[in-house]
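So the protein sequences, as listed, match chains A and B. My numbering puts the first residue of the first sequence at 8, with every later residue one more than the last. My numbering puts the first residue of the second sequence at 7, with every later residue one more than the last.
Please note that the accuracy of each hint is not assured.
Stretch-level coverage of chain B by chain A, calculated; a stretch enters the list once three of its residues show a Cβ under 8 angstroms from a Cβ in chain A [stated by the list, open to error]:
#, region
1, 12-22
2, 33-47
3, 61-67
To give a feel for the contact side, a few chain B residues facing chain A, derived at Cβ under 7 angstroms [as the list claims (entries may be wrong)]:
#, residue
4, Leu9
5, Asp30
6, Gln58
7, Tyr72
Have a look at the derived ranges for each label pair, beta carbon to beta carbon [said to hold, decoys possible]:
#, chain 1, residue 1, chain 2, residue 2, range
8, B, Arg21, A, Ala382, 34 to 44 angstroms
9, A, Trp345, B, Glu28, 14 to 24 angstroms
10, A, Gly667, B, Ala70, 53 to 63 angstroms
11, A, Ala59, B, Ser17, 26 to 36 angstroms
12, A, Gly293, B, Gln10, 16 to 26 angstroms
13, A, Gly162, B, Ala70, 39 to 49 angstroms
14, A, Ala101, B, Gln10, 19 to 29 angstroms
15, B, Ala43, A, Trp88, 40 to 50 angstroms
16, A, Leu483, B, Gly35, 32 to 42 angstroms
17, B, Ala70, A, Glu9, 26 to 36 angstroms
18, B, Arg21, A, Leu538, 20 to 30 angstroms
Keep in mind the hints are simulated off the structure, nothing from the lab. Ideal Cβ placement from N, Cα and C applies to all residues, glycine included.
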Amino acid sequence: MEARLADSLDLVLPALPPELVPPDKLPALRSLAAALAPTIRCGFEVRLGDSASEVDFQQGVLALPDERERLRAHISPDGPWNGVGELLDRWLDASSPLSRGIEALWLEFDRPPLSSLSVFVGLDRSLADPAGVAYEALDALAGRAGWARSQDALGRCIGACPDGAYVSHLGLMLGRAAPFLRVNVKRLEPGDLEGYLREVGWPGRPDAAVELMRELHPLVDGVAVCLDVGAHVQPRLGFECHLEGQPPAEARWARFLDELVARGWCTARKRDALLAWPGLVVPEAGAGAWPAHILREALLHPPDDFTTLERRLNHVKVTYEPGATPAAKGYFGFLHRWLQPGLDGDEPERATAVRRGGGTGVPGCLEAGTSFLLASRTSAGWWRDFAGSGDWNYAARWSDAWVTAFAGVALAGIPDRRARAAAERAWRLLVERQAADGGWSYNRAAPTDADSTAWVLRLAAALGHSASRAPATARLALERHILPGAGLTTYTEDACPGPGVPALASPDGSGDGWCRTVHACVTAAAATVALNGEPLRESLRRTQAADGSWAPYWWEDREYATALAAEALAATGRRGDRDRVDRAVAWVLRQPADSSAFASAWQVRVLRLADTGIDARERLDRSVGWLVESQDGDGGWPASARLRWPRQDVTDADAIDVGGLATRDDSRIFTTGTVLTALAGATP
Amino acid sequence: MTLQPALAFLSAARRDEVLRAEVDALGDGVTEASLVALAGRAGFEFSAEDLQRAHALDWRMRWARYGGAQHQPDGPAHRDGLH
């Protein structure tokens with residue numbers, strides 16, 4: 008039997024509170040879910056204010072290739088679904104403006120089994136021509152005749168958005184006799200609402216609506232304004248109130264719902280039921296069959312990935328209409344999530360500050376920095392960094408293997424018994440983590456990458472373990488990342504990670520940037536530890552920029568790739584390479600000094616390669632002194648390693664407006680390791 | 007009771023590249039029946055019900071190993087970490 012959404016809905020229904028979804032609604036929900044694609048990102052919409060028991064149901068699809076294609080294959084060409092199919096076809100067409108313009112699609116079914124279908128299109132917030140994308144999406148859904156009467160008003164709603172605000176969603180009620188549009192506007196501040204409503208032609212005096220938005224705004228993280236748009240903008244407004252976290256950790260949910268109860272817009276029972284909803288559904292013997300398609304995926308995932316269904320609160324919408332009492336609706340749902348507790352996520356972070364060592368100058372810094380790193384490990388001995396937030400957290404989360412290898416290299420270079428023992432412990436952990444293909448990855452959820460593998464090999468070299476078995480297979484793994492006649496690319500084509508979030512997805516699914524482009528920063532890191540370093544050094548010789556630097560792919564600062572490349576070439580002793588190193592030194596001397604601990608530490612490593620020159624010596628002394636002075640009281644250095652993740656098809660990461668994500672080493676481990684290595688080398 | 011063959015199949019499917027490729031090849035159209043049939047061809051005889059029970063047990067055993075036995079997967083600690 009073909010997979011259906013009903014398979015997973017059945018697992019969630021036992022937790023569905025009857026206060027929110029009365030039992031007599033369940034057969035209709037089951038019947039609807041039995042006809043829907045098995046994309047597990049769903050929501051319920053319920054009235055909160057009284058005993059009204061209407062329940063609407065939603066299903067969402069993100070701009071990720073598998074999801075869109077799965078839905079496209081599932082829908083039939085009948086009735087309103089015909090328009091959904093047309094929209095999906097254009098969304099999947101890389102040449103269409105919808106390909107990049109749409110982030111998500113939500114199907115909403117009003118009061119199943121009546122199942123009047125509404126479609127909500129989530130728009131990218133950085134569109135150059137939002138009206139053009141909106142019109143094309145609506146044309147696909149209903150044909151121009153189906154919504155033409157709303158075009159002028161919609162154009163005003165889009166055009167009136169002040170700086171920073173944007174139309175985030177467009178809804179079209181396909182199943183209704185006289186369809187109207189729903190227009191959601193995000194990032195509109197309460198102070199902007201009055202002018203915005205006047206400009207779009209909203210009927211009535213806006214004072215009360217503005218006052219309501221002012222009251223809601225401080226209670227939550229964001230309020231989206233929802234307008235009904237027919238031939239004119241309609242009197243009814245909605246205020247969608249969003250909170251990022253989930254209760255009970257996010258205590259503002261309870262305070263916000265208490266406020267709604269106090270105003271009479273939500274019953275106490277429904278408040279309590281909403282607050283009790285968040286949680287996880289996990290496979291239980293005898294508790295219902297886990298969907299076969301997820302069971303299959305679970306077998307293909309690493310053993311420390313855990314299939315779960317997560318129950319979440321989404322938002323509350325307060326509806327305002329002049330002359331009427333506001334009403335509230337609750338939106339809550341469930342989605343499939345791979346839980347990854349194996350990333351040591353449960354282990355405590357360093358809880359207390361580290362005492363600064365007793366020494367002074369560089370030796371004192373090394374002692375305190377070493378203490379910082381030692382105390383920053385998880386109890387198992389891993390270092391974790393680059394946790395990021397928002398999309399970064401969805402796409403990557405933090406790294407442990409790569410960061411542990413890097414921190415281990417830093418400690419292995421410090422003449423301290425504690426540092427050496429920690430580096431050895433890191434090595435043992437990493438050997439246990441080595442993938443079947445011989446490489447290592449950013450964390451356990453990611454596929455093997457050349458950069459992590461290179462840094463583990465550098466750790467092996469620093470500890471004198473290069474001749475052991477694990478590095479031997481790792482060097483072979485690294486060979487698979489060498490592009491013909493060129494340097495290293497981070498991922499191989501057959502193990503290239505998916506984009507994870509729309510911000511990293513290319514319009515046509517191309518992974519050219521991640522697995523078909525030479526990455527100088529990775530090539531430089533691997534050049535001294537690869538099976539045959541000469542092709543990698545040759546790649547570095549070819550890719551040195553005219554100004555003497557090397558352009559990294561994954562880093563915002565050029566110093567990282569430049570220092571590692573210069574060190575790799577300096578080791579050859581060849582005259583031509585000496586010239587290249589000198590050009591790198593000259594480049595560093597032209598860069599601002601002391602802009603950040605991370606950049607300065609890599610500059611120090613380049614300056615140490617300078618043959619002669621008073622300028623380089625003075626700059627080196629100055630930068631070392633600045634690094635000593637800028638050490639934090641707990642022994643770390645301020646987070647300044649700026650890691651970026653270009654969109655998967657981007658081959659030139661320095662190009663303007665290439666999309667992607669970026670974050671810093673928020674745990675300060677990467678910056679601290681970088682500075683320690685630089686200072687250890689600077690010690691007389 | 008044929009739980010042991012089902013558990014052995016789950017373990018083998020994660021380790022054996024050939025079996026893993028066959029699981030992968032089932033694609034989105036996979037069903038309990040097709041998984042059970044594939045396992046049968048590989049020498050693991052069990053029912054669909056056994057597969058579900060084994061999966062739940064395997065999940066718990068892996069959780070005890072990787073997730074930390076002291077933590078409940080549906081406890082607040084994990085709810086907090088999932089946004």
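Tested hints:
1. 12-22: Answer holds; 3 residues pass the 8 angstroms Cβ test.
2. 33-47: holds (count 7)
3. 61-67: Check passed, 4 qualifying residues.
4. Leu9: violated (10 angstroms)
5. Asp30: holds (6 angstroms)
6. Gln58: holds (5 angstroms)
7. Tyr72: OK, holds: Tyr72 of chain B within 7 angstroms of chain A, min 4 angstroms.
8. B:Arg21 x A:Ala382: 34 to 44 angstroms: holds (37 angstroms)
9. A:Trp345 x B:Glu28: 14 to 24 angstroms: holds (22 angstroms)
10. A:Gly667 x B:Ala70: 53 to 63 angstroms: At roughly 38 angstroms between Cβ atoms, Ala70 of chain B and Gly667 of chain A fall outside 53 to 63 angstroms, so the hint is violated.
11. A:Ala59 x B:Ser17: 26 to 36 angstroms: Since Ala59 of chain A and Ser17 of chain B have Cβ atoms about 51 angstroms apart, the given range 26 to 36 angstroms is violated.
12. A:Gly293 x B:Gln10: 16 to 26 angstroms: About 18 angstroms separates the Cβ atoms of Gly293 of chain A and Gln10 of chain B, which means 16 to 26 angstroms holds.
13. A:Gly162 x B:Ala70: 39 to 49 angstroms: With Cβ atoms ~59 angstroms apart, the hint is violated.
14. A:Ala101 x B:Gln10: 19 to 29 angstroms: violated (49 angstroms)
15. B:Ala43 x A:Trp88: 40 to 50 angstroms: Since Ala43 of chain B and Trp88 of chain A have Cβ atoms about 33 angstroms apart, the given range 40 to 50 angstroms is violated.
16. A:Leu483 x B:Gly35: 32 to 42 angstroms: With Cβ atoms ~36 angstroms apart, the hint holds.
17. B:Ala70 x A:Glu9: 26 to 36 angstroms: Since the Cβ atoms of Ala70 of chain B and Glu9 of chain A sit about 34 angstroms apart, the hinted range of 26 to 36 angstroms holds.
18. B:Arg21 x A:Leu538: 20 to 30 angstroms: Given a distance of about 27 angstroms, which is inside 20 to 30 angstroms, the answer is holds.
Checked against the numbered hints given earlier, this structure breaks hints 4, 10, 11, 13, 14, 15; the rest are met.
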